[in-house]
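S.K.: Kindly produce the complete structure, drawing on both the sequences and the hints.
Residue numbers (our numbering), protein chains in the order written: chain A, 1 to 385; chain B, 1001 to 1385; chain C, 2001 to 2385.
Treat the hints as calculated values from the structure; they're not laboratory data.
Please note: incorrect hints may appear among the correct ones.
[Said to hold, decoys possible] Derived DSSO-like pairs: lysine-lysine, alpha-carbon spacing no greater than 27 Å straight-line:
{"hint": "1", "chain 1": "A", "residue 1": "K142", "chain 2": "B", "residue 2": "K1348"}
{"hint": "2", "chain 1": "A", "residue 1": "K382", "chain 2": "B", "residue 2": "K1382"}
{"hint": "3", "chain 1": "B", "residue 1": "K1131", "chain 2": "A", "residue 2": "K382"}
{"hint": "4", "chain 1": "A", "residue 1": "K348", "chain 2": "C", "residue 2": "K2142"}
{"hint": "5", "chain 1": "A", "residue 1": "K385", "chain 2": "B", "residue 2": "K1382"}
{"hint": "6", "chain 1": "B", "residue 1": "K1382", "chain 2": "A", "residue 2": "K374"}
{"hint": "7", "chain 1": "A", "residue 1": "K382", "chain 2": "C", "residue 2": "K2348"}
{"hint": "8", "chain 1": "A", "residue 1": "K385", "chain 2": "C", "residue 2": "K2385"}
{"hint": "9", "chain 1": "C", "residue 1": "K2382", "chain 2": "B", "residue 2": "K1385"}
{"hint": "10", "chain 1": "C", "residue 1": "K2382", "chain 2": "A", "residue 2": "K385"}
{"hint": "11", "chain 1": "A", "residue 1": "K385", "chain 2": "C", "residue 2": "K2049"}
{"hint": "12", "chain 1": "A", "residue 1": "K385", "chain 2": "B", "residue 2": "K1049"}
{"hint": "13", "chain 1": "B", "residue 1": "K1131", "chain 2": "C", "residue 2": "K2348"}
{"hint": "14", "chain 1": "B", "residue 1": "K1382", "chain 2": "C", "residue 2": "K2385"}
{"hint": "15", "chain 1": "C", "residue 1": "K2049", "chain 2": "A", "residue 2": "K49"}
{"hint": "16", "chain 1": "A", "residue 1": "K49", "chain 2": "C", "residue 2": "K2385"}
{"hint": "17", "chain 1": "C", "residue 1": "K2131", "chain 2": "A", "residue 2": "K348"}
{"hint": "18", "chain 1": "B", "residue 1": "K1385", "chain 2": "A", "residue 2": "K49"}
{"hint": "19", "chain 1": "A", "residue 1": "K49", "chain 2": "B", "residue 2": "K1348"}
{"hint": "20", "chain 1": "C", "residue 1": "K2382", "chain 2": "A", "residue 2": "K382"}
{"hint": "21", "chain 1": "A", "residue 1": "K49", "chain 2": "C", "residue 2": "K2382"}
Here is what each chain is made of, one letter per residue.
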Amino acid sequence: MNDIIKKIKSLDLSNYGNDFLLTWDKSPEELEATLLIAELLRERHRLGKPNLVFDSGLAVSIFRDNSTRTRFSFASAANALGLAVSDMDEEKSQVSHGETVRETANMISFMTRVIGIRDDMYLGEGHSYMKEVSEAVQTGFKEGVLHNRPGLINLQCDIDHPTQSMSDLAMLKNYFGSIENLRGKKIAMSWAYSPSYGKPLSVPQGIIGLLTRYGMDVTLAHPEGYSLIPEVAQLADKQAQVSDGSFNIVNDMDEAFKDADIVYPKSWAPFHVMEARTSLLKSSDKAGLQSLEQECLANNAKFTDWECTEEKMKLTRNGEALYMHCLPADITDVSCQQGEVSASVFEKYRRDTYLEASYKPFIIAAMMFLTGVKDPMVALNKLDK
Amino acid sequence: MNDIIKKIKSLDLSNYGNDFLLTWDKSPEELEATLLIAELLRERHRLGKPNLVFDSGLAVSIFRDNSTRTRFSFASAANALGLAVSDMDEEKSQVSHGETVRETANMISFMTRVIGIRDDMYLGEGHSYMKEVSEAVQTGFKEGVLHNRPGLINLQCDIDHPTQSMSDLAMLKNYFGSIENLRGKKIAMSWAYSPSYGKPLSVPQGIIGLLTRYGMDVTLAHPEGYSLIPEVAQLADKQAQVSDGSFNIVNDMDEAFKDADIVYPKSWAPFHVMEARTSLLKSSDKAGLQSLEQECLANNAKFTDWECTEEKMKLTRNGEALYMHCLPADITDVSCQQGEVSASVFEKYRRDTYLEASYKPFIIAAMMFLTGVKDPMVALNKLDK
Amino acid sequence: MNDIIKKIKSLDLSNYGNDFLLTWDKSPEELEATLLIAELLRERHRLGKPNLVFDSGLAVSIFRDNSTRTRFSFASAANALGLAVSDMDEEKSQVSHGETVRETANMISFMTRVIGIRDDMYLGEGHSYMKEVSEAVQTGFKEGVLHNRPGLINLQCDIDHPTQSMSDLAMLKNYFGSIENLRGKKIAMSWAYSPSYGKPLSVPQGIIGLLTRYGMDVTLAHPEGYSLIPEVAQLADKQAQVSDGSFNIVNDMDEAFKDADIVYPKSWAPFHVMEARTSLLKSSDKAGLQSLEQECLANNAKFTDWECTEEKMKLTRNGEALYMHCLPADITDVSCQQGEVSASVFEKYRRDTYLEASYKPFIIAAMMFLTGVKDPMVALNKLDK
Chain A
1 MNDIIKKIKS LDLSNYGNDF LLTWDKSPEE LEATLLIAEL LRERHRLGKP
51 NLVFDSGLAV SIFRDNSTRT RFSFASAANA LGLAVSDMDE EKSQVSHGET
101 VRETANMISF MTRVIGIRDD MYLGEGHSYM KEVSEAVQTG FKEGVLHNRP
151 GLINLQCDID HPTQSMSDLA MLKNYFGSIE NLRGKKIAMS WAYSPSYGKP
201 LSVPQGIIGL LTRYGMDVTL AHPEGYSLIP EVAQLADKQA QVSDGSFNIV
251 NDMDEAFKDA DIVYPKSWAP FHVMEARTSL LKSSDKAGLQ SLEQECLANN
301 AKFTDWECTE EKMKLTRNGE ALYMHCLPAD ITDVSCQQGE VSASVFEKYR
351 RDTYLEASYK PFIIAAMMFL TGVKDPMVAL NKLDK
Chain B
1001 MNDIIKKIKS LDLSNYGNDF LLTWDKSPEE LEATLLIAEL LRERHRLGKP
1051 NLVFDSGLAV SIFRDNSTRT RFSFASAANA LGLAVSDMDE EKSQVSHGET
1101 VRETANMISF MTRVIGIRDD MYLGEGHSYM KEVSEAVQTG FKEGVLHNRP
1151 GLINLQCDID HPTQSMSDLA MLKNYFGSIE NLRGKKIAMS WAYSPSYGKP
1201 LSVPQGIIGL LTRYGMDVTL AHPEGYSLIP EVAQLADKQA QVSDGSFNIV
1251 NDMDEAFKDA DIVYPKSWAP FHVMEARTSL LKSSDKAGLQ SLEQECLANN
1301 AKFTDWECTE EKMKLTRNGE ALYMHCLPAD ITDVSCQQGE VSASVFEKYR
1351 RDTYLEASYK PFIIAAMMFL TGVKDPMVAL NKLDK
Chain C
2001 MNDIIKKIKS LDLSNYGNDF LLTWDKSPEE LEATLLIAEL LRERHRLGKP
2051 NLVFDSGLAV SIFRDNSTRT RFSFASAANA LGLAVSDMDE EKSQVSHGET
2101 VRETANMISF MTRVIGIRDD MYLGEGHSYM KEVSEAVQTG FKEGVLHNRP
2151 GLINLQCDID HPTQSMSDLA MLKNYFGSIE NLRGKKIAMS WAYSPSYGKP
2201 LSVPQGIIGL LTRYGMDVTL AHPEGYSLIP EVAQLADKQA QVSDGSFNIV
2251 NDMDEAFKDA DIVYPKSWAP FHVMEARTSL LKSSDKAGLQ SLEQECLANN
2301 AKFTDWECTE EKMKLTRNGE ALYMHCLPAD ITDVSCQQGE VSASVFEKYR
2351 RDTYLEASYK PFIIAAMMFL TGVKDPMVAL NKLDK
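M.R.: In structure tokens form, the structure reads like this:
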């Protein structure tokens, strides 16, 4: 643990931003600090040492979509640091009364240290909503309405899923020994078949938007037509150049898996489908949604062979690539008839996927720590006493 | 802060009642203690000092109507003092099993320090329900079933909304420098047009039932037919006489605004409509409710000019009266086509309304403190160590 | 309190199991430890002394059926020991995504010390589900996915209701002075009429499955056809033999009440009806459920004289048996027209039933304590400082 504390001390955190919305808006130091503090909190938790850095305060969560792991990770992180979770249930609130985002954001923040938001349903909305909340509490703080400026944590939006991608990075760091060891490693972020449609783009976007910063060989694979938001792909490309890694898009799962050190096979909806779906959802066009779903499922059905099988795993480096998933996976013959991954591959890597998920509460706690604690070093020293 | 503590010390709190249900049932000392402790807790919070007076215990909330600000204020207050919120969701409980109020009240109270209730839907019911809960826990405590007697806090009933009116009083004290400075100040508690109908009477009743105790010139304004519960108006009248203030009812918004130091324009349903609505709600008469709503909205529509506009604000003292609202306001062109207040007036006073709301968590915390702490001075001294 | 601590010290708790699922799977020492620690925590609470043994951590609750008392008892117990409750709302989770129990159990457990589950709707399911969760977290802990192995607490399943039966035992111990004094006492666990049907079997099963271990004369009474799960009745019989008590089944309420020291009149559905109901619920056969209900209610109606009246109470020892109920009771003329108990009998024993319920938060806290604390004696000594 002393090593970790030394490394944290060496970082300049004076410019740490208040929010954690998109990994690509955070500096390398901020990302490293997040990883290191997550590691420290995790190690302390393993040893049964308390991580209470706040004496009181709320951690408000706003879930506009279902969640198990992120909900419990958020609750665990808040509790570990000494905050109480208060869930904002928009149905039980007066939001329907026509209250503005600016007002609600301030009304829930008088004693709040952190606000976590999941809003991944509508393309073009989740991130915008978070920005609006962020500006509202910033103004409230400047105007003296709020004693503290709560930090925002993106618990999944339409663009990025930073608590997931940072947990994945923490897993990879641990698995391969260091962040430096990731350089040159090939990861296949691949589309995979699922019996459902309309899964968010934020996981693959989060992965290519983060891992291209570490000199990795990032290969995005999907059937034609299943492309991501163009801006994120462009960003990944640019980052790969800067980090001396590479970023490729292929339309062939086998090609992506070839010699990969890591595979991440996961279903998502095509970008243009999410756009269409968003406007149908907005206009509450149920018939339109059903017909879009039928069309998409029919199209999906052409790609049932995009499944992570033992055969496909043999294509990877020494047939031993690390299999990753944000969970829950659509497992063939377990959770569905035909899915993203075969039961035998999933079972082989089941413990690894659980471990991957186990980083999330600590990553979120680190984000809360960095946004909520005025002087991280003072807080860390206090913890040790 | 030392000044505040000195003032608190000078108060005789030996007769502090267990519950905070109606401001007019509380003595001047009790109200002053509530304000002072709220101020102290607020100042300590601003300085980052903890307000933990309980080591553990539950703060149970029962919301029989939607809420954002009061819900979060209650959660914030509980957390700040060291209590955990446990929300009683009557749909998930066995209340529907025919359990009596007496029984439920005891069953949720074994380790509970405070119970907050919002029950403002049915005229003649909210306050009665709170009294029944209060008597039940009192008996439970006397009989040795409960180790502690949880205090009740009215989070809005059919008659009063004391956490709101006390927050408003705290705002006014701060805005005008002292409670003494409120003497002779004119407040216009005015009905205002809203596109909805059936808003509770508890805010205007709470305002006239509290501010008439401080020598203010309280003017209640509403269109003919929109009167409040007669008993509360009579009480306001009596209190104004005792405090050497005044209480007037007018049917003209302009008259009320004339030379006012404070304006509080807000929609509410007429008393007799609430009575009719209550019996229709009880008999689940949907058709009756719809026809009542239609009738009321049609009647409301005659009074769209009861809007707090810049022109109306010019009538107030130097055109600079303080605009107050419990929020969310129906803002013309923002949250509705035509509402209680124009966008420009609201925007001018937006920060003030947010500040007004910011007192609520501390007011509720003060109420919790006074009902839950055996010796307030001992608890305050402990906080300082 | 020193006496209690001495007794706890004398117990060998080295084999304390992780979970509390069925009382008959727990050793006499484990049951005694649970009672003693509950008493200690209760006495400390009465004296206003804190019971915080955890610095942080989650207590996850999963309620698959309505609950008031158990929900608040669980929340109170968790809070008293320093844990935060996180309720797993399966509708808001991704359980519907086809996630396996094994996966969900681990995903909610990264910082969780205890998991409480109520699952009493389907015969043959609740206990099995709890076992599956238990095995999942055990494996997760062994595999290094979880830093701690959360303990499971059965908050009512299809077979047993140990938090209820242990609270009842604590009540009886207190009422009669000691566990030893229960030897030879007669308890009438009797079916009683209720206007509803389909109440779980877990309370009567829990009572006969626990009290037959203490040398009591346990008489189970019900109309013909209202038998419990055969295995539990057999177990009760065997235990009664071992403990030198007795276990009898009669079809006559009067016979059961005759000379009873304690009566526990309560409605339940016949075992075979619960089986039929379970398969209808599983196949979502609404018509089938309605016709089953009609049939059962018609059958129930033959036994409206199975009511605990003053007359029946006269049959008991000196007419002064202790009346017990898990609450809420169906009280004639109070919560229904005709129910399990007359208003006068219930009112006479109302305080006793509330006291009976008051043990539950402490019993649950004791279960949490014993599963979550590594060295109970160290923890108890720390509490005292």
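S.K.: Determine for every hint whether it applies to the structure shown.
M.R.: Hints, verified against the model:
no.: 1; hint: A:K142 to B:K1348; result: 16 Å, holds
no.: 2; hint: A:K382 to B:K1382; result: 22 Å, holds
no.: 3; hint: B:K1131 to A:K382; result: 47 Å, violated
no.: 4; hint: A:K348 to C:K2142; result: 16 Å, holds
no.: 5; hint: A:K385 to B:K1382; result: 22 Å, holds
no.: 6; hint: B:K1382 to A:K374; result: 25 Å, holds
no.: 7; hint: A:K382 to C:K2348; result: 56 Å, violated
no.: 8; hint: A:K385 to C:K2385; result: 19 Å, holds
no.: 9; hint: C:K2382 to B:K1385; result: 22 Å, holds
no.: 10; hint: C:K2382 to A:K385; result: 18 Å, holds
no.: 11; hint: A:K385 to C:K2049; result: 25 Å, holds
no.: 12; hint: A:K385 to B:K1049; result: 20 Å, holds
no.: 13; hint: B:K1131 to C:K2348; result: 23 Å, holds
no.: 14; hint: B:K1382 to C:K2385; result: 18 Å, holds
no.: 15; hint: C:K2049 to A:K49; result: 24 Å, holds
no.: 16; hint: A:K49 to C:K2385; result: 20 Å, holds
no.: 17; hint: C:K2131 to A:K348; result: 23 Å, holds
no.: 18; hint: B:K1385 to A:K49; result: 25 Å, holds
no.: 19; hint: A:K49 to B:K1348; result: 50 Å, violated
no.: 20; hint: C:K2382 to A:K382; result: 22 Å, holds
no.: 21; hint: A:K49 to C:K2382; result: 16 Å, holds
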